[in-house]
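A.B. asks: One-letter residues, chain by chain:
2 protein chains.
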Amino acid sequence: MPQAPKITSVDALPADEAKWIEFQKISWSDQTGKSRVWEAASRKTRGKSGVDAVAISTVIRHPNRPPSTIIILQYRPPVDAVCVEFPAGLVDEKETPKEASIRELHEETGYRGEVTSLSPTIVSDPGMSTANMQLATVEVQLKEGDQEPEQALDDGEFIERVVVPLEELYERLIQYDKEGKRVDARLWHWAEGLHFAKTML
Amino acid sequence: MPQAPKITSVDALPADEAKWIEFQKISWSDQTGKSRVWEAASRKTRGKSGVDAVAISTVIRHPNRPPSTIIILQYRPPVDAVCVEFPAGLVDEKETPKEASIRELHEETGYRGEVTSLSPTIVSDPGMSTANMQLATVEVQLKEGDQEPEQALDDGEFIERVVVPLEELYERLIQYDKEGKRVDARLWHWAEGLHFAKTML
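Residue numbers (the UniProt record's numbering), protein chains in the order written: chain B, 1 to 201; chain H, 1 to 201.
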């Protein structure tokens, strides 16, 4: 029976116990030749693609519904909140980012589509982290009467998918925030770029 | 004399030496009641606003130039590359995010403007980090003949600002990537949302 996830304790994590992430002490010589140190977090899971993760901006087109995208809601322990994000996931050791995009979109939402573009390798938070990613755009063409597909989640994965008309995305994210959910910065920026194009140009 | 920054070594950072970031071992009880552990990185610098950082999407309006934004280029040791980002920075201990937005925009670009919107608190990479931020939109109205203002950088800060017409932003980011620079994921998403609105809807 699903119940609300709950944090029971937060402790300092000794470096030699960490399995998924690690801390780097980066010694570097700056633009004046001065020796300096920078601290960064890093994922230990990066595979041979060199890309940690992918996210997917989906466009669902349907004969008589407005163009829509899919966002997912899932609890994220680091911020102790249900987060609102694009479908996303880590790239497996031997996968390409494009393959990971198709797989993750299917697992988290049930949908399959065509990857119509793939961003360059972009960096998630380069002031504190080595993490990088690629953003795939996937087009899904539905026909009249197509049923909503089943998600393909692992046991113990609790991910809610929501299909949102693109026209309503920005307001929907504001609404989720008011409900106490936390919107992912990348999804927010995408929605704000879209909103900006419609309202400020 | 500015010279190319260079990494001299990358070592494991023991938790008790870290000054800026820390590792958390989060014990939590999942949706089935099972006890689980999540590893996260966290900034140690969060002040009383509860928000780690701000970024600023600027809109420069001018009587006879196209609407433009400002991006900054700076070397980031965690990814050993010059990164292309919105102006951004940490919120000081006693500052509000809005105040930090005005200050950071001025320091990094020289421009001052009016904050016309401020995003909710959004989360930068919630699968691995507690980091959060707000995105401010700042409007700068220029008059014919206004000079480009001076940046107000600290000694040892090397930040290049670039004013880019919004119509050219997406292609410009692709060009920077081809030159070996690394585009920040949030800036990329904003530009892709804008591009999407113009090309896919």
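If you're looking for bench data, these hints aren't it; they were derived computationally from the structure. Careful: at least some of the hints might be erroneous.
Each pair may be met inside one copy or between any two copies, as identical chains are not told apart.
Here are the simulated DSS-like cross-link-like pairs (lysine-lysine), alpha carbons at most 27 Å apart as the crow flies [unchecked claim]:
no., residue 1, residue 2
1, K34, K94
2, K198, K19
3, K19, K94
4, K25, K98
5, K198, K6
6, K19, K44
7, K198, K98
8, K181, K48
9, K198, K34
10, K48, K143
11, K25, K198
12, K178, K98
On a predicted model such as this, the values are computed, not experimentally measured, just so you know.
A.B. asks: If a hint holds in the structure, say so; if it does not, say that too.
C.D. replies: Status of the hints after comparison with the structure:
no. : hint          : result
1   : K34 with K94  : neither (40 Å within a copy, 30 Å between copies)
2   : K198 with K19 : neither (44 Å within a copy, 43 Å between copies)
3   : K19 with K94  : within (20 Å within a copy, 36 Å between copies)
4   : K25 with K98  : neither (32 Å within a copy, 32 Å between copies)
5   : K198 with K6  : neither (40 Å within a copy, 42 Å between copies)
6   : K19 with K44  : both (7 Å within a copy, 21 Å between copies)
7   : K198 with K98 : between (30 Å within a copy, 24 Å between copies)
8   : K181 with K48 : between (34 Å within a copy, 21 Å between copies)
9   : K198 with K34 : neither (47 Å within a copy, 45 Å between copies)
10  : K48 with K143 : neither (38 Å within a copy, 52 Å between copies)
11  : K25 with K198 : neither (44 Å within a copy, 43 Å between copies)
12  : K178 with K98 : between (34 Å within a copy, 19 Å between copies)
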